[in-house]
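Spelled out, the chains give:
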Amino acid sequence: MTEAATAATDTTDTDALVVLTGVNKWFGDLHVLKDINVTIGRGEVVVVIGPSGSGKSTLCRAINRLEPINEGEIRLDGVPLPAEGKGLAKLRADVGMVFQSFNLFAHKTVLDNVMLGPVKVRRRNAGEVKKQALALLERVGVAEQANKYPAQLSGGQQQRVAIARALAMQPKVMLFDEPTSALDPEMIKEVLDVMVELAQEGMTMVVVTHEMGFARTAANRVMFMDEGKILEEAQPQEFFTNPKTDRAKDFLGKILTH
Amino acid sequence: MDLLPQIGEMLPRILDGFLVTLKLTILSLLLSTVVGAVLASMRVSPVAPFRAFGTSYVNVFRNTPLVVMFIFVVEGLPQLGVRPRFTTLGLGYFEMYAIIALSTYTAAFVCEAIRSGVNTVATGQAEAARAVGLTFGQTLTHVILPQAFRAVVPPLVSVYIACTKNSAIAAAFGVLEATGQLSSLIEDFPGSVYLAFFLLAAGYMVLVFVLAGLSSLVERRWAVSR
Ligand SMILES: Nc1ncnc2c1ncn2[C@@H]1O[C@H](COP(=O)(O)OP(=O)(O)OP(=O)(O)O)[C@@H](O)[C@H]1O
Ligand SMILES: [Mg+2]
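In order, the protein sequence lines correspond to chains A and B.
Residues in the first sequence are numbered from 39 upward in steps of one, following our numbering.
Residues in the second sequence are numbered from 541 upward in steps of one, following our numbering.
Looking at chain A on its own, in the form it has when it is part of the complex (with noise of 0.2 Å):
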């Protein structure tokens, strides 16, 4: 493969995909991320949870740098996240993003939510990402929704087409921003599902989440964050039976009597 002779140019471990290095980041004089330090493998599923407000969000968006960090280093395959402009815009394709509020664009119909990143970001010929963009929906559930605009939609459906448009961009990692907390019950199982399967079929996924129930049967690993640091790191397993700090035994505490 030549790009695993590109991409390992100064990465000692070549199935590191995502490598923060001491992040730290303020907003004003709000310390919101800690000296983080965090490497995500190729094909790792990573559940981040924590309190409100203890920076989970921030460290998403980092990843992508629609939050610039202050101090430390971000890379992504080895590079690091270039600046604003045309670099960016072009690192920001290989990885996709799922938002709690959907964010469809909401003057194009779904078909074209999905078209519009490989048509011109990538230039692909618009036949040859019509048949993919059909499948990715046929994929997630919803290509009958194919001709709608989103908000003709349900909420679960929506959300299911922005992982579709992610998916098109075939991005090398996805970040999910608690995709499943703007949505009624009923719908969170069909975004998990289509979550779940994803993760089994390899997909290197960074997901903050409440839900338990996938950390448990998709997650590799689960970060528990507090006050922008990351209190504790462990199987998900390992992390539920038996959390280190009193920190993440109080907020399970709280959130499994729910």
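It is possible that some hints are incorrect.
Some chain B residues close to chain A (C-beta under 7 Å, calculated; not the full set) [as the list claims (entries may be wrong)]: (1) E667; (2) G673; (3) T675; (4) Q678; (5) P686.
Because the hints were derived from the structure by calculation, they are not lab data.
Glycine residues also receive a C-beta, built at the ideal position from the N, C-alpha and C atoms.
Position chain B with the ligands relative to chain A; hints supplied.
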């Protein structure tokens, strides 16, 4: 006093005047829309110096009286040796100066109208576009501006109407557009000052109605195509 023959004498001159007004206005609108759109992109750009430039431009030209712009361009620029390189549509140098003054001024207002429309589009839309890998320019043209368009039309039309009326200031600088014709008509028909005024007012009203009509047409089209 016979009205009809007088109207008959005045009308050709008024129409001549409005033809010049129309040329001034159309060219100024085109120019200020292009410049205003560029300024608006600068004001929402991630590049700080662009933002600073856009903001300064708006602050300077939106707060300068238009007459000052005219005096600066028509009397100041020739002193500095700046002359229009070309003229078009049969217009002279004075008309070109008027267009420069008018569009420099109007561009600041166009910029703010577009920016206010852009701000009505949720930030999540821009974030999603960037996350997909669209560049800043692509995000604007494919995601933000199409959604901002409907919100932009009403304020933009007010700016356009103001620009149409503002073109009258050119009369004070020797341009024989509609308002310039009013002065000469008053001289030539001192007994019919009211008539001349009403004919002129009617002309401006027609222009403004046409603009407003076009805009509601555009708005309706856009509403249906969604
Ligand atoms: N744009 C911003 N400007 C200023 N402060 C911010 C901004 N975004 C987030 N913060 C603050 O940074 C801290 C971390 O926010 P973040 O959204 O990352 O938390 P979170 O763990 O995702 O919380 P939640 O579970 O509520 O989504 C919070 O205190 C938040 O108020
Ligand atoms: Mg969050």
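The hints, checked one at a time:
Hint status for E667 of chain B: holds, given a least beta-carbon distance of 6 Å to chain A, under 7 Å. Evaluation of the G673 of chain B hint against chain A yields a held restraint, the C-beta minimum of about 3 Å falling below 7 Å. Proximity of T675 of chain B to chain A holds as hinted, the smallest CB-CB distance being about 5 Å (cut-off 7 Å). The criterion of a C-beta within 7 Å of any C-beta in chain A is met by Q678 of chain B, whose closest approach is roughly 6 Å, and the hint holds.
Because the beta carbon of P686 of chain B sits about 5 Å from the nearest beta carbon in chain A, less than 7 Å, this interface hint is met.
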